[in-house]
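Under this note's numbering, read the sequence shown as residues 4 to 648, first letter to last.
Hint data in this document are derived by calculation from the structure and do not stem from the laboratory.
Heads up, a few of these hints could be off.
Stated by the list, open to error - With a Cα cut of at most 27 Å, we get these calculated DSS-like pairs of lysine-lysine: (1) K535 <-> K630; (2) K163 <-> K103; (3) K163 <-> K82; (4) K575 <-> K535; (5) K442 <-> K631; (6) K103 <-> K45; (7) K127 <-> K163; (8) K429 <-> K631; (9) K575 <-> K630; (10) K442 <-> K429; (11) K45 <-> K163; (12) K82 <-> K127; (13) K631 <-> K575; (14) K575 <-> K429; (15) K82 <-> K103; (16) K631 <-> K535.
Unchecked claim - Simulated DEER-style distance windows between Cβ atoms: (17) D422 <-> G394: 15 to 25 Å; (18) G363 <-> V427: 13 to 23 Å; (19) V427 <-> E346: 31 to 41 Å.
Glycine included, each C-beta is placed from N, C-alpha and C at the ideal position.
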Amino acid sequence: MPNITVVNVRDYGAVGDGITNDTEALRLAFEAAPYQTVVLPKGTYLTGTITIPAHVEVNFQNGATLVLEEGAVLELNGKLSAGPYPIFDFPYERNSGTAKVVFQGFQSLTHWLPEWFGAVGDAKIDERVTDLPIVSGTDSSLAFEKCFLVMSQTGVATVKLNHGNYLFAHEVNVFDGNFCLEGSTHAKFSSVPTSHNPSDYSIHMDTGYITGKGIEALFHIKQSEPLHGYFGFLIERAFFRSYHDGPQSVVKVTGPAFPVLGAPPRPCVFDNCRVFKFRKAIWSSATFGLGTLNVTNCYFSASDFTGNHYAVYSDAYGGVTNFNFINNVSEQGGKILFERVHEPGYGYFGSLEGQFRIEGNLLEGQTDPIVIHSNVASGSIRNNYFEANSGSIIEFHCLGRDPDLDGLKEDVSTIEICDNFYHVLKNPVIVLDNCRVTKLDISNEPGIRVNLSGVRRYSRDSENTKVGIHPSLGDFCGFSVDFSYLRDNLYSAVPLADQGVIPFTQGGMSSIRMTPLGSRSSMAFEAETEWKPIPIPVHEDEIFVVGSILKKTTIEAEFVGLSVSDNEGNVKLSTPQLVQLINGPRSFTAVFFAIDGALISGEGNLLRYSCSRSGNEITDAYCYTVKKNEAQEQFSVFLQDGTTV
4 MPNITVVNVR
14 DYGAVGDGIT
24 NDTEALRLAF
34 EAAPYQTVVL
44 PKGTYLTGTI
54 TIPAHVEVNF
64 QNGATLVLEE
74 GAVLELNGKL
84 SAGPYPIFDF
94 PYERNSGTAK
104 VVFQGFQSLT
114 HWLPEWFGAV
124 GDAKIDERVT
134 DLPIVSGTDS
144 SLAFEKCFLV
154 MSQTGVATVK
164 LNHGNYLFAH
174 EVNVFDGNFC
184 LEGSTHAKFS
194 SVPTSHNPSD
204 YSIHMDTGYI
214 TGKGIEALFH
224 IKQSEPLHGY
234 FGFLIERAFF
244 RSYHDGPQSV
254 VKVTGPAFPV
264 LGAPPRPCVF
274 DNCRVFKFRK
284 AIWSSATFGL
294 GTLNVTNCYF
304 SASDFTGNHY
314 AVYSDAYGGV
324 TNFNFINNVS
334 EQGGKILFER
344 VHEPGYGYFG
354 SLEGQFRIEG
364 NLLEGQTDPI
374 VIHSNVASGS
384 IRNNYFEANS
394 GSIIEFHCLG
404 RDPDLDGLKE
414 DVSTIEICDN
424 FYHVLKNPVI
434 VLDNCRVTKL
444 DISNEPGIRV
454 NLSGVRRYSR
464 DSENTKVGIH
474 PSLGDFCGFS
484 VDFSYLRDNL
494 YSAVPLADQG
504 VIPFTQGGMS
514 SIRMTPLGSR
524 SSMAFEAETE
534 WKPIPIPVHE
544 DEIFVVGSIL
554 KKTTIEAEFV
564 GLSVSDNEGN
574 VKLSTPQLVQ
584 LINGPRSFTA
594 VFFAIDGALI
604 SGEGNLLRYS
614 CSRSGNEITD
624 AYCYTVKKNE
634 AQEQFSVFLQ
644 DGTTV
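Required output: the full structure, derived from the provided sequences and hints.
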C-alpha cells in the first residue's frame with residue numbers, strides 16, 4: 004500500500020475565486036493523488052465535467068464550494084468527506100425537476116447532508132404569539148430540493164438531518180426517486196441508533212424540527228416520468244411542526260398518476276416521527292400514487308380541539324394501495340380519512356385499495372377518527388384504544404367493482420372489528436356499508452350504535468350467544484339486496500302480512516319495467532321523489548321496513564337515502580345517502596331501509612327517496628312493521644347469506 008499523503012489543489016493551479024475555471028487544475032490534482040487525500044481549502048471552485056478517481060478521497064474544508072457549470076458531469080468513484088456546511092452549487096430552477104448538471108457514482112456515500120447544498124438549521128418559532136407565531140430563519144427549501152434531485156441521480160437515497168431547526172418558505176419538490184429522511188429530533192427520543200448507518204451513529208437534536216411558512220406541504224412528491232411507477236420513501240426519527248396558517252402537510256403526493264402496470268409497489272414508511280399541528284400530515288392526491296403506506300410508532304397532535312387534523316388523508320382514486328397504521332398515538336391530530344372520489348363520466352371511487360391494518364393505536368379526542376371509502380379493500384381494525392371520540396368512530400364504505408354478468412356490483416371487501424377498547428365516547432356510531440363483516444365485537448361498549456348499509460354477511464362475536472340484531476341497527480339500516488338471493492320472490496323478504504304499498508307512480512309519468520322480479524310499475528325522478536304517504540301506522544316498539552326497486556338512467560353511480568316526515572312536512576328522519584345503486588344500462592337494485600319506530604312513530608307519515616345525483620327510476624314500494632323482539636328472524640334474510648345469527 005503506498006504511503007497516504009495529502010494533496011492541496013492549490014498546488015496544481017486551482018484559484019478558487021468563482022470566476023476562473025479550475026477544471027484542469029482539479030483534474031491534475033486528482034490524477035496525481037492515487038491512494039491519497041485531495042484537499043479543497045476555502046474557496047469557490049468553478050468546474051466543468053470532472054471525475055474523482057477510485058482510491059482518492061476528496062476533503063472539503065469549511066468554506067470550500069464546488070460550483071458546477073451548466074451541463075457538467077461530476078463523477079465520484081472515490082470517497083468524499085465534509086462537515087455540515089455548503090460544498091456543492093449548480094444551476095437549478097425551483098420546482099422544475101430538471102437537472103442542468105449530472106451527479107454520477109457516489110456509491111461510497113451512506114447518506115447526504117442537506118447542508119452540503121446550502122441548508123441552514125437556524126429556524127425559530129416565537130410561540131408567545133399563539134394565534135400566528137412569529138417564524139424566522141433561513142429558507143432551506145431549495146437546498147433540500149437540490150439534495151433530493153442529486154439523490155435521485157445517484158441512488159444514494161438517505162438524507163440525514165444534523166442538529167438544527169429547518170425552515171421551508173417553499174415546498175420541497177421531490178421528483179423521480181425514492182428517499183430516506185433520518186433524524187432523531189426530540190429530546191425524549193434522542194440518541195437512537197439509526198439502522199441504516201453501519202456505524203450506528205446516533206443523531207441527537209435536542210430541540211430540532213422541520214417547519215415552514217406560506218406553503219401547502221413541506222415535501223411535495225411528484226413524478227416527471229409517470230412510467231417509473233410507484234414512489235417510495237422512508238421518513239423516520241424526525242420532528243415536524245406547523246402552526247396557525249402554517250404548512251398543511253409533511254408529505255403531499257401528486258404523482259405518479261396511473262403508474263405503469265406491473266411497476267414495483269415500493270413501500271412508503273413513516274416511522275417514529277413526531278408531528279404537530281398539521282392538517283393533513285401524509286396526503287396522497289395522486290391516482291395510485293402510493294403503493295404500500297406504513298405509518299408506525301408515530302405521535303400526532305393538534306395541540307388544540309379546533310378543526311380537522313389528519314395523520315393520513317387521501318382524496319384520489321386508489322391514492323393508497325395498501326395501508327398499515329400501527330402503534331401510533333393520535334391526540335386531536337391523527338384522524339384517518341380515505342375520501343369518496345367522484346370522476347365525471349365514471350362515477351364514484353374509493354381512495355384506499357388492497358389490504359389494511361389499523362391496530363394498536365391510541366385515538367383520542369377526535370370526531371370521526373377512522374373513515375374509509377374503497378372499491379376493494381379488506382382488513383382489520385383491532386386492539387385500538389378509542390377515548391373521548393364522537394360521531395362515527397369507524398366508517399367503512401365499499402363502493403364495489405364493476406358489475407358482473409347479473410348486473411350486480413361484485414362484493415369484494417371484508418372487515419373485522421374486534422378487541423378495541425372504548426372510553427368516554429359521545430354518541431358513538433359504527434357505519435358499515437356494502438361489505439362483508441367477518442367479525443364485529445363491541446361487547447365492552449353497548450352504547451355504540453351500528454348503522455349497516457348493504458351488508459351481505461354479518462356476525463357479532465361476544466361473550467353472549469345469540470344476541471339480537473336490533474341492538475346493532477342504530478337509528479336506521481339500509482340494504483342493497485342481491486337479486487340472486489331474492490330471484491322471483493320478493494315476498495320471501497317482504498311478507499304479505501301487515502303489508503302496505505306506496506305507489507310512486509302517482510303524480511308522475513308511469514311505465515312498466517321488466518325487473519329481475521318481474522314486470523312492475525315505475526316512474527322517473529331526478530334527485531328526489533315526491534313525498535308519498537306511508538299507508539300503515541308505526542309504533543315505538545316496532546321496526547319499520549320499506550323496500551323498492553331502483554334503476555339508474557345516468558352513467559354515474561348513485562347513492563340512495565330516505566327521509567320521513569309528518570303530514571305537515573316536519574322531517575322526523577333523514578338518512579345519509581349510503582346505499583349504492585348498481586351501475587349499468589340494465590341494472591336494477593333492490594333497496595331496503597329499516598328504521599327504528601321510536602323515531603317516526605305515528606300515523607300519516609310521508610316518505611321520499613333521494614339520490615346523490617339526478618336521473619333515476621323507482622317502482623312501487625312495499626312496507627311493513629315488525630316488533631323489535633322479532634327483528635332477528637326478519638332481518639336474517641338481509642344480513643346473512645341464508646343463515647341465522
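Each hint tested on the structure:
Between the alpha carbons of K535 and K630 the distance comes to roughly 24 Å, so the proposed pair stays at or under 27 Å and holds. Taken as a hint, the K163 and K103 pair is honoured in the structure, with Cα atoms around 24 Å apart against an allowance of 27 Å. Proximity of K163 to K82 is assessed by CA-CA distance (about 18 Å); at most 27 Å being required, the pair is judged to hold. Distance check on the hinted pair: K575 and K535 sit about 14 Å apart at the alpha-carbon level, within 27 Å; holds.
A distance of roughly 23 Å separates the Cα atoms of K442 and K631; the hinted pair therefore holds under the 27 Å criterion. Among the hinted pairs, K103 with K45 is consistent with the structure: their alpha-carbon atoms are about 25 Å apart, no more than 27 Å. At roughly 20 Å between alpha-carbon atoms, K127 and K163 fall within 27 Å of each other, so this suggested pair holds. At roughly 25 Å between alpha-carbon atoms, K429 and K631 fall within 27 Å of each other, so this suggested pair holds.
With a CA separation close to 20 Å, the supplied pair K575 and K630 stays within the 27 Å bound. Annotation: proposed proximity of K442 to K429 holds, straight-line Cα distance about 23 Å (limit 27 Å). Of the pairs offered as hints, the one joining K45 and K163 holds, with about 24 Å between alpha carbons and a cut-off of 27 Å not exceeded. Straight-line distance between C-alpha atoms of K82 and K127 comes to about 35 Å, which puts the hinted pair past the 27 Å bound.
Restraint check for K631 and K575: the C-alpha separation of about 20 Å stays at or below 27 Å, so the hint holds. Restraint check for K575 and K429: the C-alpha separation of about 22 Å stays at or below 27 Å, so the hint holds. With a C-alpha separation of about 23 Å, the suggested pairing of K82 with K103 holds against the 27 Å cut-off. Between K631 and K535, the direct Cα distance comes to roughly 25 Å. Compliance with the 27 Å bound is thereby established for this hinted pair.
Our hint of 15 to 25 Å for D422 and G394 holds, since their Cβ atoms are close to 22 Å apart. The hinted range of 13 to 23 Å is satisfied by G363 and V427, whose Cβ atoms lie roughly 20 Å apart. One distance hint, 31 to 41 Å for the beta-carbon pair V427 and E346, holds here, with the actual separation near 40 Å.
The structure shown violates just one earlier hint, number 12.
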